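Go by the hints and put chains B, U and H onto chain V.
Protein chains: 4
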Amino acid sequence: MDFSSDTAAPAHPAVIEAIAAANHGNQASYGGDETTVRLRGLLAETFETDDFDFWICASGTASNALALSILCSSAGAIACHEEAHIERDERGAPEFFTGGAKLRLLPGHGGQIDETALREALSANNPEFVHETPLEALSLTNLTECGTAYAPAKVEHFASLAKAEGLNTHLDGARLANALVATGASPAEMSWKAGIDILTLGLTKTGAIGCEIILLFGSKRAEFPQLQARAKRSGHMPPKIRFLAAQAEAMLTDNLWMTLATKANQTSRELADMLCAKPGVTLAYPVDGNEVFCMLPTEIEALITRAGVKCYPWPGGSYRFVCSWTTPASDLDAMRDLLAKA
Amino acid sequence: MDFSSDTAAPAHPAVIEAIAAANHGNQASYGGDETTVRLRGLLAETFETDDFDFWICASGTASNALALSILCSSAGAIACHEEAHIERDERGAPEFFTGGAKLRLLPGHGGQIDETALREALSANNPEFVHETPLEALSLTNLTECGTAYAPAKVEHFASLAKAEGLNTHLDGARLANALVATGASPAEMSWKAGIDILTLGLTKTGAIGCEIILLFGSKRAEFPQLQARAKRSGHMPPKIRFLAAQAEAMLTDNLWMTLATKANQTSRELADMLCAKPGVTLAYPVDGNEVFCMLPTEIEALITRAGVKCYPWPGGSYRFVCSWTTPASDLDAMRDLLAKA
Amino acid sequence: MDFSSDTAAPAHPAVIEAIAAANHGNQASYGGDETTVRLRGLLAETFETDDFDFWICASGTASNALALSILCSSAGAIACHEEAHIERDERGAPEFFTGGAKLRLLPGHGGQIDETALREALSANNPEFVHETPLEALSLTNLTECGTAYAPAKVEHFASLAKAEGLNTHLDGARLANALVATGASPAEMSWKAGIDILTLGLTKTGAIGCEIILLFGSKRAEFPQLQARAKRSGHMPPKIRFLAAQAEAMLTDNLWMTLATKANQTSRELADMLCAKPGVTLAYPVDGNEVFCMLPTEIEALITRAGVKCYPWPGGSYRFVCSWTTPASDLDAMRDLLAKA
Amino acid sequence: MDFSSDTAAPAHPAVIEAIAAANHGNQASYGGDETTVRLRGLLAETFETDDFDFWICASGTASNALALSILCSSAGAIACHEEAHIERDERGAPEFFTGGAKLRLLPGHGGQIDETALREALSANNPEFVHETPLEALSLTNLTECGTAYAPAKVEHFASLAKAEGLNTHLDGARLANALVATGASPAEMSWKAGIDILTLGLTKTGAIGCEIILLFGSKRAEFPQLQARAKRSGHMPPKIRFLAAQAEAMLTDNLWMTLATKANQTSRELADMLCAKPGVTLAYPVDGNEVFCMLPTEIEALITRAGVKCYPWPGGSYRFVCSWTTPASDLDAMRDLLAKA
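Chains as they are written, first to last, in the working numbering: chain V, 1 to 342; chain B, 1 to 342; chain U, 1 to 342; chain H, 1 to 342.
Treat the hints as calculated values from the structure; they're not laboratory data. In this text, all values refer to a predicted model and were calculated from it rather than measured experimentally. Hints should not be assumed to be uniformly reliable.
Where chains are identical, the list cannot tell them apart; a pair therefore holds if satisfied intra-copy or between any two copies.
20 Å max Cα-Cα, derived SDA-like pairs, lysine to any residue [to be verified]:
hint	residue 1	residue 2
1	K341	A151
2	K154	P107
3	K163	R221
4	K278	P13
5	K310	E34
6	K310	G25
7	K163	N125
8	K263	T49
9	K310	Y30
10	K278	P127
11	K310	H24
12	K263	G25
13	K154	D89
14	K310	A28
15	K278	K341
16	K310	G32
17	K263	H24
18	K163	A329
19	K263	R104
20	K310	S29
21	K310	F129
With the rest of the complex left out, here is chain V (with noise of 0.2 Å):
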């Protein structure tokens, strides 16, 4: 019973093919090769738009990193919910990578900013004010770091009110299938449509290798050369790059990212159903998309500690549980089996 983490899955067969099909002869170094060529038109095709660049990076730390670097400046700062990834899970990459930039963090109830935190730190936002940091850019995650989803008008909004106070506009989307599953918007609602500068679409919890897309939308497209040097510089310009492209190719292809985290974010129901029916134990948030967290009476706690369930606590007293695209039924049948003991 393995619920610890989307990341410990293995990547979909569709994937390997993939790599194994691009793995033919000589191919132009660092983007020129056909299957990078061809992720374009896939790219525009799911995002409805041509008005976009990207870059693909195996490690979805790097991507947001990379991101906020183009839409904050050194002596800025960015605001993101206080249990953010990029604040609590990335070991510090968005102050490395901006030079030094600042989060300001945020308090919400479920992963998700509180409407009136932002607008007091958007009202309260003097760049002129030499002394003080000012907020540069606001960074939303979807699906959050407690597994809700935001709806795409939810990020719209919160994208209009950044966008009224002059800052840049990042979404994290490091589970974004799971999220656009969870509400039903596209791709192009829930990014550029809803005021989403850059993008970060990670794949790699949702069935890949280690793959995500930074997408820059519109006019933040004049900063692609900056983007591309910083991630020269960063090391994340693989030569072999066609197979970062392959892994992409394969799971936009036939829609296989949405397919994937829809079967997720089921098991993930699923669980939360059996969990819940257990007396005394409540939902710590809503099971959106494929996460479950829910607070766990003491002999239930016992029970999944002795039989070795992977899970984690976490901060606030609940417990983690993920569900991925390929959470055996197996592993539900055997939590069942050990629910019916308490």
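For chains B, U and H alone, coordinates are given in the frame of chain V:
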């Protein structure tokens, strides 16, 4: 006829197979997986020691920069050849990862640092004079950027000169296998036995997709946690690291990396002989590994340009031709036919 | 009526005289001059120890940031109060000088860190978990940003909690003299005897032109060369440093700094009493030093605004009034007359 | 006999008087004071333009680094002479302030960049090739580190070559007054009229305590807020900035700076003549300003060493003698007497 770079080549089939084989079931993220654990044993065997720590990284640029950031403070300098990859081809990665250290450029024929220049730089070094940036590390490259190989005795000699002045030592081994084949040295003889503190062992150019190993030897193992922290915050700690380990395992098993480098070196030798057989063609540097640098008479220059032969004009007026593990015999034959027309 | 800041005040005449006195003949640059040499003795006397190294700096922001860059690595975090000067008023200087470290913000009334919050942050610290940024330093401020003084026992207690978890300790003493006067502690009791590793001793706000002293105590003296290197490369190693030393000498001689701080504290006390005598005026924080924070009823708010009294509205709704060594009695009289109209 | 450096000299009495004069009453911090406001008018007059913004800084190193951080991105490079102060004597300040840019070192006799080398570097520049670090700025120094002066036409010519390739231009004028005296150029002719974007105008070596002015001309004024933010976060925004402005005002009033530089240049000329009158003594570089570099025969070398004459052995085998505005006639007389013994 593609002699543009060994990074344009595909991966060896064994690498793809290893990736496919690693793709089963959930595995601990970040290095706790079975493949990464196995790799340690293989590295110990390859380097004839247990006194090392290692990190796997998809990028050669990042591997070098991470290594250097451990060996040189932000207020220090790194001595290297003026044509070194870390100076010419990494877009300031060492400066970025170290937080602003300098590279001190030393001259020398064929990509090898001139001993007199090195001695002068070392004897002028005065870490106690706060106004000048002191040398804190020496970085050598083997195979050099000019395709020549340092003998292990030369590496050892330079390392001992550097260490006598308190410097740390780094070896950029992006094409280490080619240098080992050229010199007959063992991996141990070319690294820790020669006084190298940190080796960047490249497998990408040798035949992997993207796989480099940073090895910290002896007393530098104390810096391993710092290396990990820097890898994490620069986006070089992929959760599904088993797929990097799988590449490394495939390459090191049964000495595949040496077999592939032997093939690449031989093909280059053959190409060099073919070129030098033409009147007016001369080698710019000895062909020790898998790269041929030669001066071409105008007629031949025109011939290969018209034929679309892929190769690079190099600073200094020569042309660079690179052979990989998979350069087909047909490319050599085509080249022979082409040259026959001159 | 100018209560805007103690930095708006001129320097004490003794400081100007000292500068004039230092202005004779050629002197060795960068600290080899006779004034700087003499200063060491004066500091040893003031701090009752010889076990220290020091650097003089014209800037409080730089002094703090330099100190922190010695105490926290680029991949670490510094715990401080959420209203600390290093967070609010230095435009990211700590992030810049450390190369991207984080500030971990802790709450607490009156600018003093809440002990429970500190204990929680410390107990959650896990430097071996590479994915999270570990706390490496604790920075306290005394006088705090809210004008309150930590008792030396509190500083010692917090420092010992921090050190028990392996953290280094920093004291921002931009208004140290005011805190010493308030608590009756000696400089030694408030710094190295309380477990402070590096003290930033401010003299600018107390009465100098621009003069802060960074003191490294005990084992942290080993980092002095690194501090100097960082001072040099950040432009905080002036050749004619004798003019900074002269300011420090003037301030420390015959305890002038304490005399000036006593005067400033007394004036603030007087101002606070005057304000609090009005119905509806309440202190936001205890007035321990030379700053008064109080909540004003609307009528008085309007009165002082119309009269052009210089003071600052503060986050939380209070107003900040600062007295300096030279706030004239006439300003207090004018304030008394003004308040009489309410 | 102290010819060690013009930074070993005291300040001109007018500078001390100006500081004393500025020391009255409260004044707005951070540049709102009356002295700083007056200074703008004086600078406009001195530079014959109103199309500039300026920042005052106590440090020459910081002034250069701040200027360069505006003119070159973290992923770019700055062309400068291989003996430039920014390369040799600032401990990596440009790398620190830019966030890791490179210095591209160009050769040339007498501290002046060789035109052919400059043209080659410029023509090789390819900002669109992401793998190499492109030149983004040219930094000239006048007076050069070898004591020679660029003619204003040469500055203009080099600036125009640089601008034709899209580079920004910086002039390090730590000894600008000496260069102006040497060439007869006006401040305007040597800066904005010659195509300089940002000038670092040094007054410290000319006779101030510590006072440099960063001037942004024309279109670069748009970067002034960024410059201020960087000054703030590097600790170069002192609250009591009036004391820096006072120094600048004293130096620029009635052309005191030019008078002092004239004196220093003349003294150096006299010293040079005296030295060259001795058989075997030859100038290493022309004596254009206040520095004499000469090759000394062994006998004279021994003589001045025994006599404790303060001067510096210089890379290349010469000795550097520096005269300041206050080098006493008695030092010249003593030198004459000493040389008479040879």
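Going down the list of hints, with the structure as the test:
1. K341 - A151: Classified as neither; 38 Å inside a copy, 56 Å across copies.
2. K154 - P107: within (16 Å within a copy, 30 Å between copies)
3. K163 - R221: within (17 Å within a copy, 25 Å between copies)
4. K278 - P13: For K278 and P13, the Cα distance exceeds 20 Å both inside one copy (36 Å) and across copies (51 Å).
5. K310 - E34: Between. Shortest inter-copy distance 17 Å satisfies the 20 Å Cα cut-off; intra-copy 41 Å does not.
6. K310 - G25: Intra 42 Å, inter 14 Å, cutoff 20 Å: inter-copy only.
7. K163 - N125: within (12 Å within a copy, 36 Å between copies)
8. K263 - T49: Intra 27 Å, inter 46 Å, cutoff 20 Å: neither.
9. K310 - Y30: Between copies, since 16 Å is at most 20 Å while 39 Å is not.
10. K278 - P127: The answer is neither: 52 Å in one copy and 37 Å across copies each exceed 20 Å.
11. K310 - H24: Cα proximity of K310 and H24: across copies only (18 Å, versus 40 Å in one copy).
12. K263 - G25: between (36 Å within a copy, 17 Å between copies)
13. K154 - D89: Classified as neither: same-chain Cα gap 24 Å, cross-chain 32 Å, threshold 20 Å.
14. K310 - A28: between (43 Å within a copy, 10 Å between copies)
15. K278 - K341: within (11 Å within a copy, 69 Å between copies)
16. K310 - G32: Answer is between: at 14 Å across copies they meet the 20 Å cutoff, but 42 Å inside does not.
17. K263 - H24: Classified as between: cross-chain Cα gap 18 Å, same-chain 32 Å, threshold 20 Å.
18. K163 - A329: For K163 and A329, the Cα distance exceeds 20 Å both inside one copy (45 Å) and across copies (49 Å).
19. K263 - R104: neither (35 Å within a copy, 38 Å between copies)
20. K310 - S29: Classified as between: cross-chain Cα gap 13 Å, same-chain 40 Å, threshold 20 Å.
21. K310 - F129: For K310 and F129, the Cα distance is within 20 Å only across copies (18 Å; inside one copy 49 Å).
Checked against the numbered hints given earlier, this structure breaks hints 1, 4, 8, 10, 13, 18, 19; the rest are met.
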